[in-house]
Amino acid sequence: MPLYQVSDWLLDIAFILYVLSSVVFIVAMTGKNWAGRDPKQHEIKFGRIAYWMAVIGFIAQTGYVITRWIAGGHSPTSNMFEFMAFLDYCIILAYLIIYRIYKLTVIGAFVLPLGVIMLAYSYVFPKEITPLIPSLQSYWLHIHVTTAALGEGILAVGFAAGLMYLILTIPQKVATKSTRWLEIVLAVVLMLVGFIAMESTFARMDQKTVFEMTQPSTTPTGQASPQKVEYTLPAIVAPANSTIMKEGPMSPWFTAPEWMEGKDAARKLNTMIWSVISGVVLYGGLRLIFRKRLAAAIQPSLEGIDPDLVDEISYRAISIGYPVFTLGALIFAMIWAHEAWGRFWGWDPKEVWALIVWLFYSAYLHLRLSRGWIGAKSAWMSVIGFVIILITLVVVNLVIAGLHSYAGV
Amino acid sequence: MDQRKCECGHTNPVGTLLCESCGKPLDIELVEQKEFPDMRYEGMARRSQTYTTRIVDRVWNTFSSVKIAIWIIVVILVASGLGTIFPQQQFIPVPVPTELDVERFYTDTYGVLGTIYYQLGMHNMYSSWWFVTLLVMLGTSLIICSLDRVIPLYKALNKPRLNQHKSFLKGQKLYAEAPKPADRSEQELLEQTAQALKKKGYYLFQTDRALLAEKGRFSRWGPYINHIGLILFLIGVLMRSLPGFHLDEYVWVREGETVPIPETPYYVKNVAYKTEYYTEEEMPQKLDLNGGAIAKSYQTDAILYLNRNADIPGAKPDLVEVKSGPIIVNHPMKHESIYLYQSGFQEMQLGALNFTLLDVKNGNKEIGPIKLDLYNPERDIQVAEGYKVRVLDYFPDFAMGKDGKPITQTNLPKNPMFAMEIVSERDAINEKVVYLEGSILTQKNDAQFGLKISMPDLIDITGLNVRTDKALPLVWVGSFIFMIGVVMGFFWQHRRIWIQFQDGNILIAGHTNKNWFGLRKEVEGMVQQTNLSVTLEDKSKV
Ligand code: HEM
Numbered sequence: 007m008p009l010y011q012v013s014d015w016l017l018d019i020a021f022i023l024y025v026l027s028s029v030v031f032i033v034a035m036t037g038k039n040w041a042g043r044d045p046k047q048h049e050i051k052f053g054r055i056a057y058w059m060a061v062i063g064f065i066a067q068t069g070y071v072i073t074r075w076i077a078g079g080h081s082p083t084s085n086m087f088e089f090m091a092f093l094d095y096c097i098i099l100a101y102l103i104i105y106r107i108y109k110l111t112v113i114g115a116f117v118l119p120l121g122v123i124m125l126a127y128s129y130v131f132p133k134e135i136t137p138l139i140p141s142l143q144s145y146w147l148h149i150h151v152t153t154a155a156l157g158e159g160i161l162a163v164g165f166a167a168g169l170m171y172l173i174l175t176i177p178q179k180v181a182t183k184s185t186r187w188l189e190i191v192l193a194v195v196l197m198l199v200g201f202i203a204m205e206s207t208f209a210r211m212d213q214k215t216v217f218e219m220t221q222p223s224t225t226p227t228g229q230a231s232p233q234k235v236e237y238t239l240p241a242i243v244a245p246a247n248s249t250i251m252k253e254g255p256m257s258p259w260f261t262a263p264e265w266m267e268g269k270d271a272a273r274k275l276n277t278m279i280w281s282v283i284s285g286v287v288l289y290g291g292l293r294l295i296f297r298k299r300l301a302a303a304i305q306p307s308l309e310g311i312d313p314d315l316v317d318e319i320s321y322r323a324i325s326i327g328y329p330v331f332t333l334g335a336l337i338f339a340m341i342w343a344h345e346a347w348g349r350f351w352g353w354d355p356k357e358v359w360a361l362i363v364w365l366f367y368s369a370y371l372h373l374r375l376s377r378g379w380i381g382a383k384s385a386w387m388s389v390i391g392f393v394i395i396l397i398t399l400v401v402v403n404l405v406i407a408g409l410h411s412y413a414g415v
Numbered sequence: 056m057d058q059r060k061c062e063c064g065h066t067n068p069v070g071t072l073l074c075e076s077c078g079k080p081l082d083i084e085l086v087e088q089k090e091f092p093d094m095r096y097e098g099m100a101r102r103s104q105t106y107t108t109r110i111v112d113r114v115w116n117t118f119s120s121v122k123i124a125i126w127i128i129v130v131i132l133v134a135s136g137l138g139t140i141f142p143q144q145q146f147i148p149v150p151v152p153t154e155l156d157v158e159r160f161y162t163d164t165y166g167v168l169g170t171i172y173y174q175l176g177m178h179n180m181y182s183s184w185w186f187v188t189l190l191v192m193l194g195t196s197l198i199i200c201s202l203d204r205v206i207p208l209y210k211a212l213n214k215p216r217l218n219q220h221k222s223f224l225k226g227q228k229l230y231a232e233a234p235k236p237a238d239r240s241e242q243e244l245l246e247q248t249a250q251a252l253k254k255k256g257y258y259l260f261q262t263d264r265a266l267l268a269e270k271g272r273f274s275r276w277g278p279y280i281n282h283i284g285l286i287l288f289l290i291g292v293l294m295r296s297l298p299g300f301h302l303d304e305y306v307w308v309r310e311g312e313t314v315p316i317p318e319t320p321y322y323v324k325n326v327a328y329k330t331e332y333y334t335e336e337e338m339p340q341k342l343d344l345n346g347g348a349i350a351k352s353y354q355t356d357a358i359l360y361l362n363r364n365a366d367i368p369g370a371k372p373d374l375v376e377v378k379s380g381p382i383i384v385n386h387p388m389k390h391e392s393i394y395l396y397q398s399g400f401q402e403m404q405l406g407a408l409n410f411t412l413l414d415v416k417n418g419n420k421e422i423g424p425i426k427l428d429l430y431n432p433e434r435d436i437q438v439a440e441g442y443k444v445r446v447l448d449y450f451p452d453f454a455m456g457k458d459g460k461p462i463t464q465t466n467l468p469k470n471p472m473f474a475m476e477i478v479s480e481r482d483a484i485n486e487k488v489v490y491l492e493g494s495i496l497t498q499k500n501d502a503q504f505g506l507k508i509s510m511p512d513l514i515d516i517t518g519l520n521v522r523t524d525k526a527l528p529l530v531w532v533g534s535f536i537f538m539i540g541v542v543m544g545f546f547w548q549h550r551r552i553w554i555q556f557q558d559g560n561i562l563i564a565g566h567t568n569k570n571w572f573g574l575r576k577e578v579e580g581m582v583q584q585t586n587l588s589v590t591l592e593d594k595s596k597v
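Quick note, the sequences are listed as chains E and Z, same order.
Taking the numbering used here, I'd label the letters of the first sequence as residues 7 to 415.
Taking the numbering used here, I'd label the letters of the second sequence as residues 56 to 597.
Be aware that one or more of the hints could be misleading.
Here are the computed lysine to aspartate or glutamate pairs in the DMTMM-like style, where the Cα-Cα straight-line distance is at most 20 Å [to be verified]:
| hint | chain 1 | residue 1 | chain 2 | residue 2 |
| --- | --- | --- | --- | --- |
| 1 | Z | Lys341 | E | Glu134 |
| 2 | E | Lys133 | Z | Glu335 |
| 3 | Z | Lys576 | E | Asp312 |
| 4 | Z | Lys487 | Z | Asp414 |
| 5 | Z | Lys416 | Z | Asp501 |
| 6 | Z | Lys351 | E | Asp312 |
| 7 | Z | Lys569 | E | Asp314 |
| 8 | Z | Lys122 | Z | Asp112 |
| 9 | Z | Lys507 | Z | Glu486 |
| 10 | Z | Lys389 | E | Glu345 |
Facing chain Z, a subset of chain E residues (Cβ under 8 Å, in silico) [claimed, not checked]:
| hint | residue |
| --- | --- |
| 11 | Arg43 |
| 12 | Val130 |
| 13 | Glu134 |
| 14 | Ile135 |
| 15 | Ile139 |
| 16 | Ser257 |
| 17 | Ile311 |
| 18 | Asp314 |
| 19 | Val330 |
| 20 | Thr332 |
| 21 | Ala343 |
| 22 | Ala346 |
| 23 | Gly348 |
| 24 | Ile362 |
To list a few chain Z residues with every Cβ distance to chain E over 12 Å, as calculated [said to hold, decoys possible]:
| hint | residue |
| --- | --- |
| 25 | Ile286 |
| 26 | Pro315 |
| 27 | Thr319 |
| 28 | Tyr449 |
| 29 | Ile561 |
| 30 | Arg575 |
No wet-lab data here; the hints were simulated from the structure.
Just so it is clear, CB atoms sit at the ideal spot from N, CA and C, and this is done for glycine as well.
All chains should be built: construct the whole structure from the sequences, respecting the hints.
Below is the structure:
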């Protein structure tokens, strides 16, 4: 059996374990108040089971990283699928470290679902192992991307703790600006979930819509080939200058503006529209089920947790993640850019967004250390910080085409 | 200078908030719970807090303020983001020779928003005067805020404050006061608490009535070190725009050709260029590439020469080889401060046209081969004994001009046109022919000579990017120092715990620059271990 098959299976095993672990973590938190139970005992017991599931899942994913590395001959960080799976690996790693320091069960109830979402997101991208193109053939690829992902993974834990702090402390009796924004954050998370759900459902249904571009492209060997664009999701928006070759489940409502560069731009836009729609539908559905704000529905499970501890965890994660991110996403990136292109900085969109993330967390640190922004303000900042990271990973990779864009959805 | 005298007898410099000797607040009549001076610099005088009237003072104070610093950071952040809405000019896909074309590009591709973007100068935002000004302001702020704080910090850290005034202790965020336990003497208690704290890694400063436990003092220098790193980094970045520090040239070199590198005394020769593709066996997994292929490497074998006559105007170049070897993506050729990068290629380009001269009237007898070098055609070509071809006219990229005269659109041989004269010295025949777009036009209908077209020579052209960045060491050193500072500041914290006895009470106070949660846990641990019954007030939470 080829090694890459083994690595795929190991990743599947890790995925299943993370899902199970998330479920058990949630049971550990919500089940505290079930009749006839000692809440403390319940939380400790289920928390421990969930933690070990996460550990075994992490070991399986370590196996995936190693086998895929050997099979491909390079670190599994060379395309969007590999990067997202690796980022997920880093999130779980950061969680395990933070858990060992603070032993707070509930952190897992936030981080593991986040891990599941990120891993599911990676499954959306083409999974084949591709050989490294010349511009990626450098050991800095391994060093830069792995360190940057680790930094982002640790910052993600800071986000999870920050979000938890907000759900825990924002009073839910009356609607305020805070409650509204908190719901928006949750809705954005649901958009990612909705997108993944849609994408994996339609991938199995074979309902592709195929467009052909009126302009042919040239292959690397110089032949002209007709350019096709395949949508997995039903088409709402068609690429500019194209004709439909194969009808999908619905006909497009409008055409993308012509300035959306590249043959995949319109498909990416289509995907984003579906994500927003599905997220809103999911959010609305959950609101109907719970008949209250989502944060209000989650809040009771967090009862009895010291908000100061959660605040501390969020800050600790960020103060560890910040140097790692600086090193990986900026310093190593500059060294590599110098080796590859002869300039350590070129204002490429991906570079700019790494800088934005870094400046944002720098502002966070000054506000927290010098101006006393702790608690809620600091938690909001940690949430916004991660949203900016998501923008860099998702929007910038998929929409703004720069030197760094990996091909993908 | 007006000196401030504390009740303990010590005279403090102007601007001091907490007496340097006993720690009693000087400025305010300390009413309970009133705003206690910021402990960050322990009430040492800071220029920005002391002088506020003159213009210099105001500028100084503005740049030393963290609030302003955060604003500068946020403005840079937002501006950077705006710069990515549409591509910067350097990334726009088509080569655009004039400003007008650039404007048209933004208007045509992005509509009205594109026009606005262009007119605001956002297409070259990162090198615009206002963006650079923002960076300079950040640098200024970094320098001034460090200068403003460094001496007060040194003073604050240099002399540990041991036996402090009660109001100093009471002013701390973490504070506890309780009657001294009757079962133990002061000495015993100090001994026990000292032991407990020592185990936690604290350094101890003791008198017979007071204890100060301190750890992680050096971490307070972290921010200064990281800011110094940033300052060096910014200087490095800004130095790039000085003449001579930065070089960015691009040369296209044909196989076999040697070209001068502009702005340098160097010449580079392209010995051979090749692109390699992955074979199927080399791929870890079968891929459907749609008939395409994945590139494995782009490589130029090059030789770098130094022109020893570079300084003598008009002198013939005198080249000596200084370096030779491959230039591969990610593996530039390096010589002193100059780097050559593989960054483009044009393969299978026309290099020379090949013909065979035929004697048509003699049963198409072949007379000899003709090679027309497209980059450097010879004027006279000796084909065979007694036969010559003379190039009359050559248009590398032929087109008809507006006035009906032939012109060349570029210097590149994209559509070569030759006008030639075939001369037979023996028969004194002189015939003109024209080569254009793959066919031969003869002047006369019953010409003596004809040309047979054979395979042209195809060559590869490599694009080399030549760069120098003399400020680079500063950039790396700055980054390195930044990292050291950040690690110092983040993985250690400065913590101090005071224990004193006054009027039969035990007083415990604690201060840290960050991570109050951790400090509180350590103090609580100490209280438990020594069986004290005190409750900690924690004013850090408000
Ligand atoms: C992009 C620019 C900047 C970055 C990345 C940066 C980074 C940092 C970091 C990481 C810290 C925390 C260090 C620690 O606690 O160990 C810090 C603290 C600090 N920074 Fe900056 N900084 C920047 C600009 C500035 C500027 C312009 C000022 C000028 C007012 C400033 C003033 C301070 C101060 C006063 C502290 C707190 C020092 C202390 O706690 O004693 N920073 N900075």
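*Against the structure, test the hints numbered earlier, and report the numbers of the ones violated in rising order.*
6, 11, 12, 16, 17, 19, 21, 30
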